[in-house]
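Novice: This is what each chain is made of:
Number of protein chains: 2
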Amino acid sequence: MGVKVFAPASVGNCIVGFDTLGLALERPGDEIIVKKSNHKGLRITQITGAKGRLPYEIEKNTAGKAALSVLKHLGAEDMGIDMEIHKKMPFGSGLGSSAASAVAGAFAVNCLLKQPIEKRKLLPFAMDGEELASGSRHADNVAPSLIGGIVFSRNEHSVHRIMAPKELIATVVYPHIQILTKDARNILSENVPLKKMVEQSSNLASFIIACYNSDFDLLGRCMEDVVIEPQRAKLIPHFTKVKEAALAQGALGCSISGAGPSIFALSANTFIAENVATAMQKVFADNKIKSELFMSPVNQEGAVRY
Amino acid sequence: MGVKVFAPASVGNCIVGFDTLGLALERPGDEIIVKKSNHKGLRITQITGAKGRLPYEIEKNTAGKAALSVLKHLGAEDMGIDMEIHKKMPFGSGLGSSAASAVAGAFAVNCLLKQPIEKRKLLPFAMDGEELASGSRHADNVAPSLIGGIVFSRNEHSVHRIMAPKELIATVVYPHIQILTKDARNILSENVPLKKMVEQSSNLASFIIACYNSDFDLLGRCMEDVVIEPQRAKLIPHFTKVKEAALAQGALGCSISGAGPSIFALSANTFIAENVATAMQKVFADNKIKSELFMSPVNQEGAVRY
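Chains as they are written, first to last, in the working numbering: chain X, 1 to 306; chain V, 1 to 306.
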């Protein structure tokens with residue numbers, strides 16, 4: 001008898017919270033199936049949807065590493081477990097692909113344990129997987145993928161779900177172009193003008209207040225990244241036009257999802273979100289760039305067994 | 001028949017929200033008395049507590065300027081009004097002295113009107129007074145002085161009171177030394193390292209989340225200014241020792257109030273706040289610096305008529 005789990009994609013930075021804020025989507029995401037085996041230790045028996053790009057070695061695989069981290073913590077690394085990884089979302093899209101894998105890995109093996117760890121407390125183990133993939137321990141994708149919602153992560157030990165209006169709809173358009181997270185990070189200036197810092201942190205603070213108060217007017221005014229987006233926009237062809245198209249259709253805000261190239265917009269309802277999606281995809285289509293669309297309310301559950 | 005109003009002192013920046021966050025104290029504050037007169041226009045008839053440092057000319061007086069701004073907006077600048085200003089708080093202390101005067105001025109004349117403006121909407125007029133005194137239109141002192149509470153001011157048109165735990169007690173120690181706000185501002189570097197920006201805005205976001213959730217643990221971890229305080233601390237003799245003394249007694253956080261020289265600590269209850277106050281004042285006393293103590297819950301009303 002196997003256990004099948006799902007961990008969702010997520011929008012890191014969520015426009016105003018560089019490296020700290022993230023939002024979980026309902027779809028896409030990664031699926032992992034684990035079952036007990038007579039072999040000693042954890043092994044990966046199957047990987048689909050990864051076009052041969054994911055290793056089978058546990059220590060080098062994001063999901064495997066996160067799962068092993070859980071088992072090691074409990075002194076259970078000899079437990080025989082077979083793991084199937086079914087990637088059901090694109091790599092390098094800015095949608096937290098590695099975070100979803102890491103969360104799914106940690107969550108899946110936890111489901112096999114007699115005394116599983118509280119879901120929320122799996123975060124540091126999932127972070128071990130994320131660190132392997134991204135080289136850093138930012139929780140802005142891992143935390144929402146694990147617990148759902150819009151999550152502010154001060155660090156992996158201080159993770160806070162924000163009360164967000166249920167009506168919000170996320171639109172993510174993933175253009176089929178490639179950006180390396182490393183490039184997206186290297187392009188950033190090491191310094192920020194003090195005025196920009198005040199403006200940016202004011203936007204983050206306003207976003208949180210607006211979420212708690214369901215203040216859509218304020219949401220519409222504060223969802224602007226004045227520090228990171230201006231530096232990264234040039235990495236995504238036609239970014240400015242896509243953003244303008246989204247805002248023209250009434251999106252509350254629109255910016256790069258994580259390190260890109262996906263572009264994320266947040267809207268007050270499904271009707272607006274659909275118009276936003278159409279307008280965003282049209283810009284890419286007009287410029288002969290294929291794109292994929294993901295539209296979803298904020299995921300309220302995070303990783304689930306199903 | 002005169003109208004007597006009070007506008008409270010406030011703690012600008014409130015440790016984590018440079019130029020945007022402020023907290024209203026119950027005491028000290030400024031008192032203004034206005035009454036209708038047969039003279040044409042607004043005039044200042046008496047100023048006490050200012051040691052001759054405040055001008056009687058309306059356009060040059062913070063309270064007068066704010067009051068006149070209200071009257072002009074309504075086309076009522078010819079209305080005969082006599083104004084007495086009773087400064088009941090120190091100048092240049094980092095406690096929002098000019099903001100309290102500006103708020104009291106605008107609020108007082110508004111009380112004389114047949115159709116007064118909604119209190120909250122007096123903010124831009126009070127800002128006219130604040131701008132005269134400080135040269136800038138930051139609302140971090142004016143907004144809490146006007147409406148009370150802990151207030152996040154994105155700008156003067158977007159002002160948001162944060163739900164804050166009622167138990168919090170502010171301790172402010174004002175050492176009798178002089179700092180010019182201008183110097184405190186000029187000393188600041190124009191750039192902030194990106195890492196520090198993330199840390200600082202994370203602290204602000206955490207503070208807001210902690211207030212909404214009454215999460216005192218998080219309050220205790222996030223109330224740290226990693227950008228402004230390190231640059232300004234040197235302007236206040238013995239600052240570091242005072243801060244350490246406050247934290248050693250259990251304060252949730254301690255930093256410079258506004259541009260200083262007052263030092264502000266926030267505590268979870270009165271008992272701790274009293275110990276914090278004693279420890280902070282002792283450091284100054286040991287170094288032969290006189291200091292004044294203000295201790296108060298968060299003011300919930302802002303400007304009041306009484």
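If you're looking for bench data, these hints aren't it; they were derived computationally from the structure. Hints may contain errors.
Note: identical chains are not told apart, hence a pair may lie in one copy or across any two.
Claimed, not checked - Taking lysine-lysine pairs in the DSSO-like style, the calculated list, with each CA pair at most 27 angstroms apart, reads:
# : residue 1 : residue 2
1 : LYS72     : LYS282
2 : LYS60     : LYS36
3 : LYS36     : LYS4
4 : LYS182    : LYS196
5 : LYS234    : LYS195
6 : LYS4      : LYS88
7 : LYS4      : LYS60
8 : LYS114    : LYS195
9 : LYS182    : LYS166
In this text, all values refer to a predicted model and were calculated from it rather than measured experimentally.
Novice: Now, for every hint given, state plainly whether the structure supports it.
Specialist: Here is what the structure says about each hint:
1. Neither within a single protomer nor between protomers do LYS72 and LYS282 lie at most 27 angstroms apart by alpha-carbon distance, with minima of 49 angstroms and 51 angstroms respectively.
2. When the C-alpha separation of LYS60 and LYS36 is checked against a cutoff of 27 angstroms, the pair qualifies only within one copy, where the shortest distance is 21 angstroms, while the shortest distance between copies is 80 angstroms.
3. In this assembly of identical chains, the alpha carbons of LYS36 and LYS4 lie at most 27 angstroms apart only when taken from the same copy (12 angstroms versus 78 angstroms across copies).
4. In the homo-oligomer, the alpha carbons of LYS182 and LYS196 lie at most 27 angstroms apart both inside one protomer (23 angstroms) and across protomers (20 angstroms), since each shortest distance falls under that limit.
5. Taking the shortest alpha-carbon separations for LYS234 and LYS195, both the intra-copy value of 23 angstroms and the inter-copy value of 22 angstroms come in at or below 27 angstroms.
6. For the identical chains of this complex, LYS4 and LYS88 are intra-copy neighbours only, at 14 angstroms inside a copy versus 68 angstroms across copies, given an alpha-carbon limit of 27 angstroms.
7. Proximity of LYS4 and LYS60 under a CA criterion of 27 angstroms is satisfied intra-copy only: 22 angstroms inside one chain copy versus 73 angstroms between copies.
8. When the C-alpha separation of LYS114 and LYS195 is checked against a cutoff of 27 angstroms, the pair qualifies neither within a copy, at 53 angstroms, nor between copies, at 41 angstroms.
9. Taking identical chains as interchangeable, the C-alpha atoms of LYS182 and LYS166 are never at most 27 angstroms apart, the minima being 34 angstroms within one chain and 45 angstroms between chains.
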